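Asks: Below, each chain spelled out in residue letters.
Protein chains: 4
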Amino acid sequence: MPAPAMNADAIAQLLRDEFPQFFHPGRGLTIERVDYGNIRVKRRFQEESIRPGGTISGPTMMELADFAMYVAVFSVAGPIPMAVTTNLNINFLRKPGRGDLIADAKLLKVGKRLVVGEVAIYSHGEGDPIAHVTTTYSIP
Amino acid sequence: MPAPAMNADAIAQLLRDEFPQFFHPGRGLTIERVDYGNIRVKRRFQEESIRPGGTISGPTMMELADFAMYVAVFSVAGPIPMAVTTNLNINFLRKPGRGDLIADAKLLKVGKRLVVGEVAIYSHGEGDPIAHVTTTYSIP
Amino acid sequence: MPAPAMNADAIAQLLRDEFPQFFHPGRGLTIERVDYGNIRVKRRFQEESIRPGGTISGPTMMELADFAMYVAVFSVAGPIPMAVTTNLNINFLRKPGRGDLIADAKLLKVGKRLVVGEVAIYSHGEGDPIAHVTTTYSIP
Amino acid sequence: MPAPAMNADAIAQLLRDEFPQFFHPGRGLTIERVDYGNIRVKRRFQEESIRPGGTISGPTMMELADFAMYVAVFSVAGPIPMAVTTNLNINFLRKPGRGDLIADAKLLKVGKRLVVGEVAIYSHGEGDPIAHVTTTYSIP
Chain A
4 MPAPAMNADA IAQLLRDEFP QFFHPGRGLT IERVDYGNIR VKRRFQEESI
54 RPGGTISGPT MMELADFAMY VAVFSVAGPI PMAVTTNLNI NFLRKPGRGD
104 LIADAKLLKV GKRLVVGEVA IYSHGEGDPI AHVTTTYSIP
Chain B
4 MPAPAMNADA IAQLLRDEFP QFFHPGRGLT IERVDYGNIR VKRRFQEESI
54 RPGGTISGPT MMELADFAMY VAVFSVAGPI PMAVTTNLNI NFLRKPGRGD
104 LIADAKLLKV GKRLVVGEVA IYSHGEGDPI AHVTTTYSIP
Chain C
4 MPAPAMNADA IAQLLRDEFP QFFHPGRGLT IERVDYGNIR VKRRFQEESI
54 RPGGTISGPT MMELADFAMY VAVFSVAGPI PMAVTTNLNI NFLRKPGRGD
104 LIADAKLLKV GKRLVVGEVA IYSHGEGDPI AHVTTTYSIP
Chain D
4 MPAPAMNADA IAQLLRDEFP QFFHPGRGLT IERVDYGNIR VKRRFQEESI
54 RPGGTISGPT MMELADFAMY VAVFSVAGPI PMAVTTNLNI NFLRKPGRGD
104 LIADAKLLKV GKRLVVGEVA IYSHGEGDPI AHVTTTYSIP
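Here the protein sequences line up with chains A, B, C and D, keeping their order. The opening position of the first sequence corresponds to residue 4 in the working numbering, with each subsequent residue numbered one higher. The opening position of the second sequence corresponds to residue 4 in the working numbering, with each subsequent residue numbered one higher. The opening position of the third sequence corresponds to residue 4 in the working numbering, with each subsequent residue numbered one higher. The opening position of the fourth sequence corresponds to residue 4 in the working numbering, with each subsequent residue numbered one higher.
Each statement offered as a hint is correct.
Which copy is meant is left open, so a pair is good if it fits within one copy or across any two.
Calculated lysine to aspartate or glutamate pairs in the EDC-like style (CA-CA distance at most 20 Å, straight line):
| no. | residue 1 | residue 2 |
| --- | --- | --- |
| 1 | K98 | D131 |
| 2 | K115 | D131 |
| 3 | K98 | E21 |
| 4 | K109 | D131 |
| 5 | K112 | D131 |
| 6 | K112 | D38 |
| 7 | K112 | E129 |
| 8 | K109 | E35 |
I should point out that these hints are in silico values taken from the structure, not numbers from a laboratory. On a predicted model such as this, the values are computed, not experimentally measured, just so you know.
With the hints as constraints, model all of the structure from the sequences given.
Replies: The following block contains the structure:
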């Protein structure tokens, strides 16, 4: 496995600069690990993403998957002009608990025009994924 | 086509009661039309859902599709205990402009256990969809 | 709506020339209607695609959706070098009967690099779709 | 990991009995390994599934993924009445070579009503997947 094109700190700095509305401390998003095409991010538990029944909302998980894939794309392509999501497919598997969310993203294909990856989302401390995502990005 | 099981006002009231965090005036979501299994909702343009480049974020569109499908499910099933999204597949088709979003949801199947529908999302005033969603709900 | 780039006869001739293993009379595939980005194809009922329980197999429907999309791509792009399917998402909605299958394909986006479309598959003579497909092609 | 509910021989026998049109020696399908919810199947290379350009057709890969998931479902649920595919999402990643296909299926969720799994398809002897599938089955 090659070294990642950017490490976690460099990706976090890039996101703070380019997406200040999205990636700021109040969001509770952190980059936990960056290998080449294989990364882990975390989302701190926040009361306001809870739906009736105590469930974290679907869009919250889709947003986390999107974030994880951006980090994975940076890990192989470096600070390229922003990739555009073209397709995202999510299966919701289990009801998440009231805890932090972990997302592991792995790239399945890194082409010149398209990057395809999968993301498994976990409730912190639990073994089985709560959601599984496959998604495609178009490289401008 | 049968009459809808609930009209737009009744669905809006139910959502305000059950999802006050999600469906409140600040969210800018309105129910525009409710027929049986075929509905339209709107999301007022909001500066904070804009990404660099002037684009409305993907998760914003996924959230709107989710909302549209809830309304469509209520239109055929009435005030049932909450359905759970099991799968959502979204294709992002065009870059949306800085305007309101319209989402048209149509149910493709209303089974005893699963409801499947599609949602087309438009930028207000434009003819071609900016995103297309198919999604499945499990009825408890 | 512009005129289609190729009509049904020209597309059938192209497919016979380029895909003789796939598009030959024994396959039972016909092109019923070709408008610009909006076409209908048919698959004659064949005993051998039946599964136990009298159902037409899933892969048979996926193959028909793939065929319908090729025809739709030709209707807008003409006899281009072969597009490549990059993503296909299918929802199986109802058990098909023992009859011909009809597939209606409609393009949602015709970009320079990606073409996205949806296909609804019907059992001949029935009103509700038995399967719904969205699919993306990459233009070489 | 619990022991599988059926081993490879028992699943092959069941498929020969129940799906003789689909699972017969001429098809070239074999079950290579069966663990609990985690299995491998193989499809022998066959000249007739080749498309112009030397590529194995998309529907051939979708059929193999479907087969892999049936085997995975049997490995956890035993000889249950036939599950029904409700959703299948496939990303085509690379052009396959002219060789055998390997499919590794892993179940992501085994619920009372829905089973969700993913399948990675490889060209024999190559390291990177040529296609990736997620799919959902409904248990009758």
